[in-house]
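Chains as they are written, first to last, in my numbering: chain B, 7 to 123; chain A, 10 to 121.
Treat each hint with caution, since some may be false.
[As the list claims (entries may be wrong)] Label pairs and their in silico Cβ distance ranges:
(1) B:Thr8 - A:Gly61: 31 to 37 angstroms
(2) A:Pro121 - B:Leu123: 21 to 27 angstroms
(3) A:Gln11 - B:Thr19: 26 to 32 angstroms
(4) A:Ser70 - B:Arg65: 33 to 39 angstroms
(5) B:Ser79 - A:Asn74: 18 to 24 angstroms
(6) A:Glu25 - B:Gln86: 34 to 40 angstroms
(7) B:Ala59 - A:Ser90: 37 to 43 angstroms
(8) B:Leu61 - A:Asn74: 38 to 44 angstroms
(9) A:Lys35 - B:Lys77: 33 to 39 angstroms
(10) B:Arg70 - A:Gln88: 41 to 47 angstroms
(11) A:Val28 - B:Gly103: 25 to 31 angstroms
[To be verified] Below, a list of computed lysine to aspartate or glutamate pairs in the EDC-like style, where the Cα atoms sit at most 20 angstroms apart:
(12) B:Lys17 - A:Glu49
(13) A:Lys108 - B:Glu58
(14) A:Lys46 - A:Glu75
[Unchecked claim] Residues of chain B placed beyond 10 angstroms of chain A at every Cβ, according to the derived structure:
(15) Arg21
(16) Gly46
(17) Glu58
(18) Glu62
(19) Phe71
(20) Gly78
(21) Leu97
No lab work stands behind these hints, which were simulated from the structure alone. Ideal placement from N, C-alpha and C gives every residue a C-beta, glycine not left out.
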Amino acid sequence: DTGVSQNPRHKITKRGQNVTFRCDPISEHNRLYWYRQTLGQGPEFLTYFQNEAQLEKSRLLSDRFSAERPKGSFSTLEIQRTEQGDSAMYLCASSLGLAGGNTGELFFGEGSRLTVL
Amino acid sequence: QQPVQSPQAVILREGEDAVINCSSSKALYSVHWYRQKHGEAPVFLMILLKGGEQKGHEKISASFNEKKQQSSLYLTASQLSYSGTYFCGTGRSGGSNYKLTFGKGTLLTVNP
Chain B
7 DTGVSQNPRH KITKRGQNVT FRCDPISEHN RLYWYRQTLG QGPEFLTYFQ
57 NEAQLEKSRL LSDRFSAERP KGSFSTLEIQ RTEQGDSAMY LCASSLGLAG
107 GNTGELFFGE GSRLTVL
Chain A
10 QQPVQSPQAV ILREGEDAVI NCSSSKALYS VHWYRQKHGE APVFLMILLK
60 GGEQKGHEKI SASFNEKKQQ SSLYLTASQL SYSGTYFCGT GRSGGSNYKL
110 TFGKGTLLTV NP
């Protein structure tokens, strides 16, 4: 297993366009997270899936953002009608949680960098 | 609700020690520590759980004071490879540790 994979790695789009990011987690991980990171800041929680169920979505996230995880495998994050303020690094992470002696660590992908012009 | 990290930045010479602090205004269930190098993904270092359990990196130690809602990361005999930005992520008491709130980070630079 090569870890968490995200694509595209970079996306430049014009304001008002829709963009979609894909995340392929580590295969046995049931937990999947999306975070957003801007320059000089720590990752900001966006949403969380356990298997295929989206259990929480940040209240800071507007209705333009939607995420799915069909069949509990890969996940997509779609941003509709992009705005310049959406420019950021979008990080996906997966984990096993704390049960069974696991560390609960998040394994992050290298991120998808979005630039909205 | 974002934890406060201090210092914001620290510069060391190889072999020196450093302490990075993370403080929250809310009761915590867990504290995670991650290191991120420029242009790379954050990498897990350690998790500290309410009740004293710790899991993680063999060469880096940390403490978690539940009453004070504070955690400290201890980097001893620093190596050049320790350079990067260190983030603490806190999991709230009463909730699952899945929703981590990260601090703004501490930039650590280790020089030869």
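Okay, the hints, checked on the actual structure:
Against the hinted window of 31 to 37 angstroms, the Cβ-Cβ separation of Thr8 of chain B and Gly61 of chain A comes to about 35 angstroms, which satisfies the hint. A hinted range of 21 to 27 angstroms is violated for the C-beta pair Pro121 of chain A and Leu123 of chain B, which are about 41 angstroms apart. Roughly 29 angstroms separates the CB atoms of Gln11 of chain A and Thr19 of chain B, a value that falls within the hinted 26 to 32 angstroms. Evaluation of the 33 to 39 angstroms hint for Ser70 of chain A and Arg65 of chain B yields a pass: the beta carbon distance comes to about 36 angstroms.
For Ser79 of chain B paired with Asn74 of chain A, a C-beta distance near 40 angstroms fails the hint of 18 to 24 angstroms. Here the CB-CB span from Glu25 of chain A to Gln86 of chain B is close to 49 angstroms, at odds with the stated 34 to 40 angstroms. Restraint check, Ala59 of chain B to Ser90 of chain A: a C-beta distance of roughly 39 angstroms satisfies the suggested window 37 to 43 angstroms. For the pair Leu61 of chain B and Asn74 of chain A, the supplied restraint of 38 to 44 angstroms is violated, since their beta-carbon distance comes to about 30 angstroms.
Separated by about 35 angstroms at the C-beta atoms, Lys35 of chain A and Lys77 of chain B satisfy the suggested range of 33 to 39 angstroms. Distance hint check for Arg70 of chain B and Gln88 of chain A: the Cβ-Cβ separation is about 44 angstroms, which falls inside the suggested range of 41 to 47 angstroms. A hinted range of 25 to 31 angstroms holds for the C-beta pair Val28 of chain A and Gly103 of chain B, which are about 29 angstroms apart. Our distance criterion of 20 angstroms between C-alpha atoms is met by Lys17 of chain B and Glu49 of chain A, whose separation comes to about 17 angstroms.
Proximity of Lys108 of chain A to Glu58 of chain B is assessed by CA-CA distance (about 17 angstroms); at most 20 angstroms being required, the pair is judged to hold. Of the pairs offered as hints, the one joining Lys46 of chain A and Glu75 of chain A is violated, with about 29 angstroms between alpha carbons and a cut-off of 20 angstroms exceeded. Even its closest Cβ contact with chain A, about 26 angstroms, leaves Arg21 of chain B beyond 10 angstroms, as expected for a residue assigned away from the interface. Distance to chain A contradicts Gly46 of chain B as a non-interface residue, since its nearest Cβ pair spans about 7 angstroms, not more than 10 angstroms.
Under the 10 angstroms C-beta cut-off, the non-interface status given to Glu58 of chain B relative to chain A holds; the minimum distance is some 15 angstroms. Not every CB of chain A is more than 10 angstroms from the CB of Glu62 of chain B (nearest about 6 angstroms), against its label as outside the interface. Chain A leaves Phe71 of chain B outside its interface by the beta-carbon criterion, the shortest separation being 16 angstroms against a cut-off of 10 angstroms. At roughly 15 angstroms, the least C-beta separation between Gly78 of chain B and chain A is larger than 10 angstroms, which holds for a residue marked as non-interface.
Not every C-beta of chain A lies more than 10 angstroms from that of Leu97 of chain B, the closest at about 7 angstroms, which undercuts listing it as non-interface.
Going through the hint list in order, the structure does not satisfy hints 2, 5, 6, 8, 14, 16, 18 and 21.
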